[in-house]
Amino acid sequence: MSEWLRRSTWVDHVLLAIRISVAALVLVGLAGGLTAGTYSAADFVSFTMFGLTIGSVYALIALGYTMVYGILRMINFAHGDVMMIGSFAGLFAAGALNDVGLLSALPLLALPLVLCAGMAGGAAMSLIIERIAYRPFLHVRSLAPLICAIGMSFVLQYAARGLFGTRNRAYPGFGWMEGTVSLFGLIVPIPQIVAFVAALIVLAGLLALVKLSPLGKAMRAVAEDRDAAALVGINVGAVIVATFAIGGAMAGVAGVLYALVFKQITVFMGFALGIKGFAAAILGGIGNLGGALLGGLVLGLAEALGPALILEGFGLPAPYQLKDVIGYGMLVMILIFRPQGLLGERLASKRA
Amino acid sequence: MNRVLLSAATLAAVLLAGSGSRAETLGPVTDALGVVKIAKGQPILIGGYSSQSGGDTNQGIDELRGAEIAIKDAGGKVLGFPVKLLGEDAQCTAEGGQTAATKLAGNKQIVAVLGPSCSSGARAGAPILWKLGIPSVAIGATAPALTATDRPDGFKGFLRVVPNDLKSAAFTASYAYDKLGVKTAATIHDGSPYTEQLVRAFEKDFTAKGGTIVASEAVSPTDTDLRPVLTRIATKKPELIFTPVFTSTIGFLMRQKDEVVGLAGTKVIGGEGVFSANVIEAVGPKVIGFNIVGPSTDLFSERFPVFVKNFTAEYGEAPIGGFSAYGYDAALLTMAAIKEVGKTDAEGNLYIGRKALHDAMMATKTLPGLTGALTCDVYGDCGAATYAIWEFTSDDQSSFAPGTNPKRIFP
Chain A
1 MSEWLRRSTW
11 VDHVLLAIRI
21 SVAALVLVGL
31 AGGLTAGTYS
41 AADFVSFTMF
51 GLTIGSVYAL
61 IALGYTMVYG
71 ILRMINFAHG
81 DVMMIGSFAG
91 LFAAGALNDV
101 GLLSALPLLA
111 LPLVLCAGMA
121 GGAAMSLIIE
131 RIAYRPFLHV
141 RSLAPLICAI
151 GMSFVLQYAA
161 RGLFGTRNRA
171 YPGFGWMEGT
181 VSLFGLIVPI
191 PQIVAFVAAL
201 IVLAGLLALV
211 KLSPLGKAMR
221 AVAEDRDAAA
231 LVGINVGAVI
241 VATFAIGGAM
251 AGVAGVLYAL
261 VFKQITVFMG
271 FALGIKGFAA
281 AILGGIGNLG
291 GALLGGLVLG
301 LAEALGPALI
311 LEGFGLPAPY
321 QLKDVIGYGM
331 LVMILIFRPQ
341 GLLGERLASK
351 RA
Chain B
1001 MNRVLLSAAT
1011 LAAVLLAGSG
1021 SRAETLGPVT
1031 DALGVVKIAK
1041 GQPILIGGYS
1051 SQSGGDTNQG
1061 IDELRGAEIA
1071 IKDAGGKVLG
1081 FPVKLLGEDA
1091 QCTAEGGQTA
1101 ATKLAGNKQI
1111 VAVLGPSCSS
1121 GARAGAPILW
1131 KLGIPSVAIG
1141 ATAPALTATD
1151 RPDGFKGFLR
1161 VVPNDLKSAA
1171 FTASYAYDKL
1181 GVKTAATIHD
1191 GSPYTEQLVR
1201 AFEKDFTAKG
1211 GTIVASEAVS
1221 PTDTDLRPVL
1231 TRIATKKPEL
1241 IFTPVFTSTI
1251 GFLMRQKDEV
1261 VGLAGTKVIG
1271 GEGVFSANVI
1281 EAVGPKVIGF
1291 NIVGPSTDLF
1301 SERFPVFVKN
1311 FTAEYGEAPI
1321 GGFSAYGYDA
1331 ALLTMAAIKE
1341 VGKTDAEGNL
1351 YIGRKALHDA
1361 MMATKTLPGL
1371 TGALTCDVYG
1381 DCGAATYAIW
1391 EFTSDDQSSF
1401 APGTNPKRIF
1411 P
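Respectively, the protein sequence lines represent chains A and B. Going by the numbering used here, the first residue of the first sequence is number 1, and it counts up by one from there. Going by the numbering used here, the first residue of the second sequence is number 1001, and it counts up by one from there.
Next up, chain B with everything else stripped away, as it sits in the complex (with noise of 0.2 Å):
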């Protein structure tokens, strides 16, 4: 008896061990999580999840597509070898995150993955892609969590170009408590990691400057009647309510906002989910005064008149938002840590170590990227860009641009 469960014993730290050391040699390469072999020739594969669908953040096709615009930038190879961008749809939900990335994750050619857009696709999705050594670089997931130095083992292999919501909450509870002057505010989150951490972030923040939270709500995506919510938050009487929830409850809560006795003066605050032409339309003629913190496009480097230009040359349309130069930064991060660890043997075969791949973008630094200069954290953190307050000026949905509608009123 005492045998059989020895060798079971030993069976089972064996095959502990074998999962959790892949160490692998290939040609000139040796590395602790395996290495990718790509023969001469053949593409070096990006694996890519956004969200592609979803009634309200496809922002995830201007994502991949600032992406294929930084491959493009670089000649459309690296070290000789073509990049190639495999898009994935993770819509902005855990279930399209875990799916998209379990997609990429069988493909055991890809190196790296950008993305996802949201921060409940990246809590499925990073582990699954990390488990097999492929490091993530989220392009829109911003939840203070993904990166918290008390983070799960799966998400060591997740970065982010976008900036940490913590950044984003400490800026909008400055603006309301010092520029505004507001003392009491509400807040009202979806349910969703993104929204919750950053409700909860822009509270702390803004209790510690002095301010009051007086109501903290919450909705789910799918509601479309708001007014009961809208009601107990008006009992409060809140100066200001925050609330960076996606676009259709967005439209929601704007049209019926007004309809809530004690509500019509007071000041929303949106966050950059709806820094999109969408929000126009779903809101209508209330979207003139909503106001959104989101990237301050404007102040990113210099470039991105640039990429904007070759964007809209190449889609036929201009980029919403923000998105496309995370997306843009995303690819220029990975292609610039695969020509660091890439490397060639005598048939001209190329190796990437997928340790070193990582190590190689954490250490990121000051890497000159369309949203600033690119200096990842330990945790992962290499978001750049800065926020500002925007504000929409008019409801006619064409006329979409920031800088014009909406327009940058903070800083």
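Just chain A, with the same shape it has in the complex (with noise of 0.2 Å):
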């Protein structure tokens, strides 16, 4: 202890005056939320439910960055917009199954076609703005690639503006998929359910993928080194071209499920859902993919459950309002401790 003090400088104090502080208000708050006796333990498991779901879909988007990241060290910001086109894909898939009456009388078979149209959807868009913004920018070391995913989210936005119009899309119904069902008592949608399982079937299939199969290995091969892959025969655009398919049809599984829960979309969802999605990355450790999934659950959960355990218990009129100030700043508090995110940045300190 002494000799912590001798060796602390300010910061170290200020640091930990933080921490005991944040501590403090989250343990007053817990505190106050669980005497408030507002919800029901009832309530607090749906809660849990539904910040695992939307915890889900967060950390698929995740996935898309922290491959991007892993890959090219650079923030693809238009990853959200991404999802929002595979989301669009999915609707007229689904509209053109609901028009046969596939999609109410057979959802099962239905639902995996809407996320494969997603999918598609996903994967071509994230195809087509690889080749045609950030090819140009692969050995150039600056600030211009970002700024041009900053640029082609926009010009996503707003060419979906223009194709399919602002107003509120809303996806058909799946028939039985829209009900409810009794879980232990609890009654929990059933797309909720469905959204999170298929969630983590595809998240599963990607970390096979990236763990076992030759493309994965060339993949983590090229994210730990470019050049050396190259040397060793990986033909290193290749690598490039597949992560961002597969970081697309991620992100169209995103958006597909995001509807299935939701059921409404619009052009401009992609902005919000991408910092979420790009938050959960950080929060997890970028360029890790468990990290990704780790950091949206977290995300999701801190979204769900945070209002009610957390700001109920400092009596606030209407807490949901801080919903966000929530999950961003456990970001803020997660960046200042632990820079390097919950699972921290694969082999950072191998690259160091």
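The hints are simulated quantities; they were obtained by calculation from the structure and are not laboratory data. Among the hints, a few may not be true.
Said to hold, decoys possible - Straight-line C-alpha distance at most 20 Å; calculated EDC-like pairs for lysine to aspartate or glutamate:
1) B:K1257 - A:D225
2) B:K1236 - A:D43
3) B:K1037 - B:E1340
4) B:K1286 - A:E178
5) B:K1037 - B:D1345
6) B:K1267 - B:E1239
7) B:K1257 - A:E178
8) B:K1237 - A:D43
Unchecked claim - Quick list of the computed label-pair ranges, beta carbon to beta carbon:
9) B:K1237 - A:L186: 44 to 54 Å
10) B:P1368 - A:G329: 51 to 61 Å
11) B:D1150 - A:V332: 47 to 57 Å
12) B:G1316 - A:L163: 40 to 50 Å
13) A:A230 - B:D1396: 32 to 42 Å
14) B:D1150 - A:G165: 18 to 28 Å
15) A:L163 - B:G1076: 28 to 38 Å
16) B:T1235 - A:E224: 46 to 56 Å
17) A:L163 - B:D1396: 18 to 28 Å
Note that the Cβ used here is the ideal one computed from N, Cα and C, for glycine as well.
Take the two lone chains and join them into the complex the hints point to.
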């Protein structure tokens, strides 16, 4: 202790003070929230379920950010809008399936088809962006690709606005998937369960691809050292293209699952969700696939439970307005105290 | 040193005085706020800013179309000069209103501005315009604060043809308490000046009648998961939820409401912001039986059906809700005032004094508009429309037609 006092600077003291005060705030809020008794235990379980659902959507988006960052060291800010395009591709597929009556009759067959459309839309858009906007910057070390990505985000939003209009579009109903189911005495909407399970399946598939397949091995090699990977005969360009395609497909899945849960989509939805996905990627440790998954779920849970658990304890009126404060406040705290994210940036130490 | 201070003070005084009065004489007109000269053959420019884009409210397209019809009905001319409407997109945000107003204010030939659609845009935009002596006639901005007795000076040039929300709040409270016999209510707003001030006014009126507000909640316009808020409200067991939030939030709310234990039977009354076909798609099947408070378009003047016919012929689709009619009336009021104050010189040029125009607009009395007889009070409230409760009867989007879907259930 005395050793720490001697070695530490005022910065350490301030950081410690922040830690203590944040912990105290959270504890007081938690105690207040739990004793206020506004919500029953069933309510909290239902919030948790919901947090996991939206968290898995965030995780899917975060994967796209993290994969591209891992390989190119670049934040693809248009990724949220790729998700929007995927969501619209899913909408049109769902509309077509609805017209032939397949959607409500056989939702278990229709959903994978809609998901495929979303994946195809997202992957295609991602590939186009990579070809047009990012490949010219492949060997450029500057902020240009980042600015280009932000510009691309606006291009996609307003191109979609011109094509699809600004009004809210709703997905048609998926037959029995619209209902609710009683689980251990809790009423849970089926779309939440379907979205969560579908997200887990897709995530497991992606992890298997990255860990087990030759392509995954090549991706990991390029992420570790692009030049060395090229030297041992890996086609770096092809790996980058594959990464964008996979990231875009994940975004497409996220877009469709989001719409399955919330029903409404707009051409501007990509921005806010993209920021959330980006935050999730940072939270878990950017460049780290497991981190993206964890970050997404943690962000989703914090948003769903935070207002009820913590803000309620302070007796704030209308605490749900401050939902994002909890999520992003947590992000700020993580960045201050664990800049590498929850699980750490993959290979960070090795690369250094 | 003293002399420096003195001259600095004098300079400041001169500058202040300069920015305060812009008295100007051009041709036959002298005006305290400046004069707009329109050369012979040139058009009279009227600006317009409304919500042309944005997921929630793109009613602004309809509003400016209504204004165009008004100009067309006047033969496209006032005092022999063609009238031209310059539309800008104010979205439904303060930033949008600020950008659009700044853009319009840059054009010194603009005599008056129609719009905006949203109170948030008006709060940012109206003072920018009035600083240059340009009066604005709001089409959809209904927040009470904009024409309150203690409004800041920047809003002295602000008028509106849409009724003040105090009117709609009193109507809704009376419907809920007197007609439905509801004793407990909850409210939800989304932080925008329109929704917040409207629910506050409703709460005041409802409480004054003897009812109890059991929960007063807020969400943000981008929220998609409203279950926690609804769960919180459900614990207070209200008989009614009044929420004038916009389309996407209403969509999430109505779809998620029945998933929350205890709210399945609770009635929801929405606001006029969702008086459109979009809400049918947003809410889906649950829209049937959903009530909103909105202008009673079928109690508008007898010219309204003719207007709807002209509108449909011109734009290939029927107007949504009553917004286009407000757009029409805003243009009508402005053109009537221009007619009154515009003066021509011997060469045939037109001169319009800014203050004179503003005064003439504020002095509007029993002007026969589409929504009723327009009479402005000293604070700029000129709305003539009355309210009604509407109920949606079908979830087929193409069936949207005020009168049948939604149909008027009260009064």
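task = Tell me, in ascending order, the numbers of any earlier hints that this structure violates.
result = Hints 1, 9, 11, 12, 13, 14 contradicted; others consistent.
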